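Protein chains: 6
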Amino acid sequence: MHILIVNPNTTVSMTEKAAKAAHAVAGHGTKIIAATSKSGPASIEGHYDGAIAVPGLLLEIREGQAAGVDAAIIACFDDTGLEAARMLADIPVVGLCESAVMTAALLSQRFTVVTTLERSRVLIEDLVRRRYGMGDRAKVRAADIPVLELEDKASGALLKLKRQIELALEDDGAEAIVLGCAGMADLAQSLQREYRVPVVDGVSAAVKQAEALVAQGLTTSKRGSYASPLAKAYAGSMSAFAPASA
Amino acid sequence: MHILIVNPNTTVSMTEKAAKAAHAVAGHGTKIIAATSKSGPASIEGHYDGAIAVPGLLLEIREGQAAGVDAAIIACFDDTGLEAARMLADIPVVGLCESAVMTAALLSQRFTVVTTLERSRVLIEDLVRRRYGMGDRAKVRAADIPVLELEDKASGALLKLKRQIELALEDDGAEAIVLGCAGMADLAQSLQREYRVPVVDGVSAAVKQAEALVAQGLTTSKRGSYASPLAKAYAGSMSAFAPASA
Amino acid sequence: MHILIVNPNTTVSMTEKAAKAAHAVAGHGTKIIAATSKSGPASIEGHYDGAIAVPGLLLEIREGQAAGVDAAIIACFDDTGLEAARMLADIPVVGLCESAVMTAALLSQRFTVVTTLERSRVLIEDLVRRRYGMGDRAKVRAADIPVLELEDKASGALLKLKRQIELALEDDGAEAIVLGCAGMADLAQSLQREYRVPVVDGVSAAVKQAEALVAQGLTTSKRGSYASPLAKAYAGSMSAFAPASA
Amino acid sequence: MHILIVNPNTTVSMTEKAAKAAHAVAGHGTKIIAATSKSGPASIEGHYDGAIAVPGLLLEIREGQAAGVDAAIIACFDDTGLEAARMLADIPVVGLCESAVMTAALLSQRFTVVTTLERSRVLIEDLVRRRYGMGDRAKVRAADIPVLELEDKASGALLKLKRQIELALEDDGAEAIVLGCAGMADLAQSLQREYRVPVVDGVSAAVKQAEALVAQGLTTSKRGSYASPLAKAYAGSMSAFAPASA
Amino acid sequence: MHILIVNPNTTVSMTEKAAKAAHAVAGHGTKIIAATSKSGPASIEGHYDGAIAVPGLLLEIREGQAAGVDAAIIACFDDTGLEAARMLADIPVVGLCESAVMTAALLSQRFTVVTTLERSRVLIEDLVRRRYGMGDRAKVRAADIPVLELEDKASGALLKLKRQIELALEDDGAEAIVLGCAGMADLAQSLQREYRVPVVDGVSAAVKQAEALVAQGLTTSKRGSYASPLAKAYAGSMSAFAPASA
Amino acid sequence: MHILIVNPNTTVSMTEKAAKAAHAVAGHGTKIIAATSKSGPASIEGHYDGAIAVPGLLLEIREGQAAGVDAAIIACFDDTGLEAARMLADIPVVGLCESAVMTAALLSQRFTVVTTLERSRVLIEDLVRRRYGMGDRAKVRAADIPVLELEDKASGALLKLKRQIELALEDDGAEAIVLGCAGMADLAQSLQREYRVPVVDGVSAAVKQAEALVAQGLTTSKRGSYASPLAKAYAGSMSAFAPASA
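In order, the protein sequences belong to chains E, X, F, D, B and G.
Residue numbers for the first sequence follow my numbering, so the first one is 1 and each next one is one higher.
Residue numbers for the second sequence follow my numbering, so the first one is 247 and each next one is one higher.
Residue numbers for the third sequence follow my numbering, so the first one is 493 and each next one is one higher.
Residue numbers for the fourth sequence follow my numbering, so the first one is 739 and each next one is one higher.
Residue numbers for the fifth sequence follow my numbering, so the first one is 985 and each next one is one higher.
Residue numbers for the sixth sequence follow my numbering, so the first one is 1231 and each next one is one higher.
Same shape as in the complex, but just chain E (with noise of 0.2 angstroms):
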């Protein structure tokens, strides 16, 4: 099967670093396909960043359902644009803050989601605790580290992140460390060695539960929340983006 992950933010060493962690997980018999998003933002931090990524991000899905990959993964672990993907795709689409919390609680009944700013922290706190219903058994905490700093050894940002871990096994009783960037795929297997806890990261969670949907012959379902977009015109620089049957 072909999957599409792809990030919608527009810094490509950050879909490289994704690309190769979707690599590392992904079954026999997977192709992994990058792209990394051509309008956007470098980095997604906090909502306005989010929301001004999603119409590339969407353009990314849109060629690739047409170029008849399987599934897609949206490559930023604040699930930017994720229902509106759905709506837009036939195929199934998967965000790695979702896929990462829901693997984390197969391991564990608390775990915290390490991330970047406290921006993103509040945010992703809603996505976990209210959207994806773990309530009190996630804490979010913040590093505070820039998204792009992670790409750039010698910022310090493994230390800031290895300090919340830190207190996260000290302070707030986590069982498993969830990895709250996409720009952190390639930290988790050392961390999981040196804390001996499970650490999630989304871009492999994610690859692992697209893979399962297309194997149990599933998609979004378009009843209801998801169902496809209506016919209708759309003005503007935006017209490009009307659903195809308008």
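Hints should not be assumed to be uniformly reliable.
Quick list of in silico lysine to aspartate or glutamate cross-link-like pairs, DMTMM-like style, CA-CA up to 20 angstroms [to be verified]: (1) F:Lys631 <-> B:Asp1074; (2) F:Lys714 <-> X:Glu416; (3) E:Lys160 <-> F:Asp663; (4) B:Lys1123 <-> F:Glu610; (5) G:Lys1452 <-> B:Asp1110; (6) G:Lys1369 <-> X:Asp418; (7) E:Lys160 <-> F:Glu662; (8) D:Lys960 <-> F:Asp636; (9) F:Lys714 <-> D:Asp874; (10) G:Lys1369 <-> X:Glu397.
One-sided and incomplete, this derived list gives chain B residues near chain D with beta-carbon spacing under 8 angstroms [as the list claims (entries may be wrong)]: (11) Lys1015; (12) Tyr1116; (13) Pro1130; (14) Ser1188; (15) Ala1189; (16) Gln1193; (17) Leu1197; (18) Thr1203; (19) Gly1208; (20) Tyr1210; (21) Leu1214.
The set of hints was computed from the structure by calculation and includes no laboratory data.
Quick caveat: nothing in here was measured; it's all calculated off a predicted structure.
Cβ atoms here follow ideal geometry from the backbone N, Cα and C, with glycine treated the same way.
Take the given structure of chain E and dock chains X, F, D, B and G to it, following the hints.
For chains X, F, D, B and G alone, kept in the frame of chain E given last:
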């Protein structure tokens, strides 16, 4: 004070209807400035339409703020782009759904929102019950009316809407009704007279919330969730959205 | 329009402070009428004081309504007697806590209410997190200040209050602050300037909500929870409270 | 031990009915002392009646405590004044609704409360589902019976009540029934025999909870929410309610 | 009446301690019959021990019922096997955790459960906050005490327990304490005297709940969740557990 | 990899059906090893059957782990013994209900689980809505089918099941269906074709979750809730269950 009301879809007749409702409740000294998005869908029916509408919406808010408006309203009951707009703007930004829900909660213990299509119903149910914390206090019904039918007097939309209001009063124990689409703004008063329960229109509610915030000297917090977007590169067709300081 | 603001405790200096805050935000054409309860406790600290204050409060609202006011505000942050008053009145009645919480929720995703004593803190926490649906979005802190100390500039109350605001910003991730006692109404503006986050005062918030309801032609639903009291005998010292139609 | 059961409405026949139910379940050595409030409404139907009933109720509890009773019961299913009474009293105070709900929760996973009027239904639904934490486990139905009709054998009230019990068993998946009004205390046993599911009466449940607390040497915490009222002036017709130490 | 109290672990000294606590609160005419499970772990620390303890526990309850007891108590704070026992038995069956939590909720708005080990803490937190609906009202702390250390006066367990009680009072805002292990039943009274807040022991609470149900003529509903097990074959070493009618 | 799928009831035809469904979705290189419990009930219908099934289930998991399997699945939709198995095992253990619920949540915003009997329905409703956090997103229906009727083509079970699916689509707003019994695993594909919504089978979903965890190098956390059982004596017929290190 100047209040900008942005219609995030591109249908001018809906902007005009909302503007009329806004004028009707605006306080002494409030000037309503109505704007229609220049790009995006003709109506917003579900997450996909909503996501594509956001950039055009944000441009109107940015322009309005540059022109000195004191507050902005997003005139779509899905509260599309509300979080992103709050990061962008230094002025208060309010949504129709949250304003209407708060208003209904001051008048009743149980109320029902009546919206257009099932795809919008689920989205709004999540907003009302989960995000805005109404839980069991609120139900949401769809009247099976495409948004643009509301612009057509001969469409039978009013009859469908009234049928759902009657079911809400009979079966849901609704003590008040919230009209769940900006395109219903012209119907609130006559429905309130007919059914003798409070009927809340989101446009009117949002105007009063915007005025209230300005009068109290309050604006969106710039600490945490809604901190201003960080300076960074924005690529491709979205380059114009790069935060001002970038 | 005429808005009645009732102080349900019997301390006139608190009424005056609330009236002053109310005047400061009242819209053009709004006349604020302040009343102090004639029976009950000098301050409301917990459920017992609150319960005893209700009859005196209801009398003021009944008189105000007879005199033709358009809306009423209960000027105690515990929202004492709010449900009873809504049954009694045909005009809208709003509370400080619910108004302030709604206002803060339009400005921030996470906020902290700072109130006076622990006994009030728990009561308000239940209002804010459970009744008004804020859940994880809001925390409530007590500054260990008896209510009447707020009337005494030399009491050190301001320092205690500021200490809790600082803890809220540092430890709670608060993006906005709500002042959790009507007796703090005079402090909001200077605290907002000092801490550069929105500081919401319940009296001001309630005035704007009352005005908003009147402007929209909305009043408390008389269907269900808030239906007018049924005609029946009231015995003993409470005979004056028998519903009018009895 | 001596247990005071206070009817917070002024209808003596309801006090007698409650006292009879209390006697029937009281343990060896328990003496039931029934009191009827001397001021307030003849029946409690919604928040307004409830609020006006509280002062008269509190006087009875204060007198009972002075006379040396070991625990007090508030014999109204709305748990009117329960929080205030717990602040006032050093002895345990229990409510009918909370006692009945706890009892039903020991016997079933899903149960339905059947109460009198819609205005009471919403109030009780909030108590049961939110305050007492039953959430989805409990539903609340109104049989459309004014409280005092329960005192009139010829009123048809029993038939209306039975209709709702049948709907609860058929449509709600109820595994047990709770009678949601003190005035139904005489009906529990025959209904239990007829429908062969547990039928819980609040008066009986409350007597056993009060006995249980006394037997365990437990009383209301005086730390936090229920700390004794602080000494302060009480003005006007409420001066007699000033806390003892004032 | 006869109340069977079953210790689902196989440590006789714990049975004796529980029996002693039960006797101390039992009403006039109540006979306590204590039984120790004949198969399973010496102490129950987490889900595995709990699951293995259930068959032995169920045998004791079945025998007790055959011998004519009126109610049964499962003397482990994890409420191990409670649901299964309720299906099996026609008599009421109560658990320690649910009884203690209900009791504490009658005395305080906020309370803390102090249990033994972290693995039990999470299990009990899920029971208390989710299953028994206490949500934010209750916190759960672990004192890091293996269960059998409670049987050893020289173990230092009491000091660890007291440290957590002190933290609960200082940091959690606890108004009452619940002892979260049957093995702590002998400590409640002295701790209550020392800390001057209610200290609830689950064994005592459960005895009074069991008595209360019997006195009211109530027993587990046989409709829905707790309907008697259906007749069917049980294979292998579990053949003795086949429902009687099989 | 080797995945053990344990049927915790003793009916071999159900094991075979589950194994067949597992094989159908297993990835390249995955070997499915099916085992049937040797002791316990022929079907699991409610808490009692479930509790008695656990020891036999745990023995199969312990043996499988000793034989070197990489992950285990508990093939009962009640997720019987899942928590205990996770403490016992060092390999990942997944349940049908949690796997199916997660899968449906990736495909739809609202879904309905259709299970067998009312006694299982309530149990599963608590799992789905409370434990797995789906709240309002999921409903659970019982088709009134004893489990073993699913093994009998002539029983009419399929018609009953289809009736509930149709009600779910019409009345619940279900966007996807989850089959709530391992014995329905053979029906998913034809039902999905017939109703044109995703139909999720728990066995298939669990196989993919187990594979996903193994591929990611993740296993159950041994910190906190699922820490290995502590060494201690196990008495009587359960002595074989004593933790290995005892």
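Verification of the hints:
With a CA separation close to 45 angstroms, the supplied pair F:Lys631 and B:Asp1074 exceeds the 20 angstroms bound. Between the alpha carbons of F:Lys714 and X:Glu416 the distance comes to roughly 15 angstroms, so the proposed pair stays at or under 20 angstroms and holds. Note on E:Lys160 and F:Asp663: the hinted pairing holds, with a Cα-Cα distance of about 18 angstroms set against a maximum of 20 angstroms. Straight-line distance between C-alpha atoms of B:Lys1123 and F:Glu610 comes to about 17 angstroms, which keeps the hinted pair within the 20 angstroms bound.
As the CA atoms of G:Lys1452 and B:Asp1110 are separated by approximately 18 angstroms, the hinted pair is consistent with the 20 angstroms bound. Between G:Lys1369 and X:Asp418, the direct Cα distance comes to roughly 18 angstroms. Compliance with the 20 angstroms bound is thereby established for this hinted pair. Between E:Lys160 and F:Glu662 the alpha-carbon distance is near 18 angstroms, which keeps this suggested pair within the 20 angstroms criterion. Distance hint between D:Lys960 and F:Asp636 is fulfilled; the C-alpha atoms sit about 17 angstroms from each other, no more than 20 angstroms.
Straight-line distance between C-alpha atoms of F:Lys714 and D:Asp874 comes to about 27 angstroms, which puts the hinted pair past the 20 angstroms bound. Under the criterion of a C-alpha separation no larger than 20 angstroms, the hint pairing G:Lys1369 with X:Glu397 is inconsistent with the structure, at around 36 angstroms. At a threshold of 8 angstroms, the smallest CB-CB gap from B:Lys1015 to chain D is about 14 angstroms, leaving the interface hint violated. At a threshold of 8 angstroms, the smallest CB-CB gap from B:Tyr1116 to chain D is about 7 angstroms, leaving the interface hint in force.
Taken as an interface hint, B:Pro1130 does not check out: its beta carbon lies about 27 angstroms from the nearest beta carbon of chain D, beyond 8 angstroms. Look at B:Ser1188: its Cβ gets to within about 5 angstroms of chain D, closer than 8 angstroms, so that hint holds up. The interface hint given for B:Ala1189 is met, as the beta carbon of that residue sits about 7 angstroms from the closest beta carbon of chain D, less than 8 angstroms. Checking B:Gln1193 against chain D by beta carbon gives a least distance of about 6 angstroms; that is within 8 angstroms, so the hint holds.
Restraint check, B:Leu1197 versus chain D: the minimum CB separation of about 6 angstroms is within 8 angstroms; hint holds. Because the smallest distance between the Cβ of B:Thr1203 and any Cβ of chain D comes to about 7 angstroms, under 8 angstroms, the interface hint for this residue holds. At its closest, the beta carbon of B:Gly1208 sits 4 angstroms from a beta carbon of chain D; the interface hint therefore holds under the 8 angstroms criterion. Of the supplied interface hints, the one on B:Tyr1210 holds, with its beta-carbon coming within about 7 angstroms of a beta-carbon of chain D, less than 8 angstroms.
The beta carbon of B:Leu1214 comes no nearer than 17 angstroms to any beta carbon in chain D, farther than 8 angstroms, and the hint placing it at the interface is violated.
Of the numbered hints given earlier, the model fails hints 1, 9, 10, 11, 13 and 21; all others are met.
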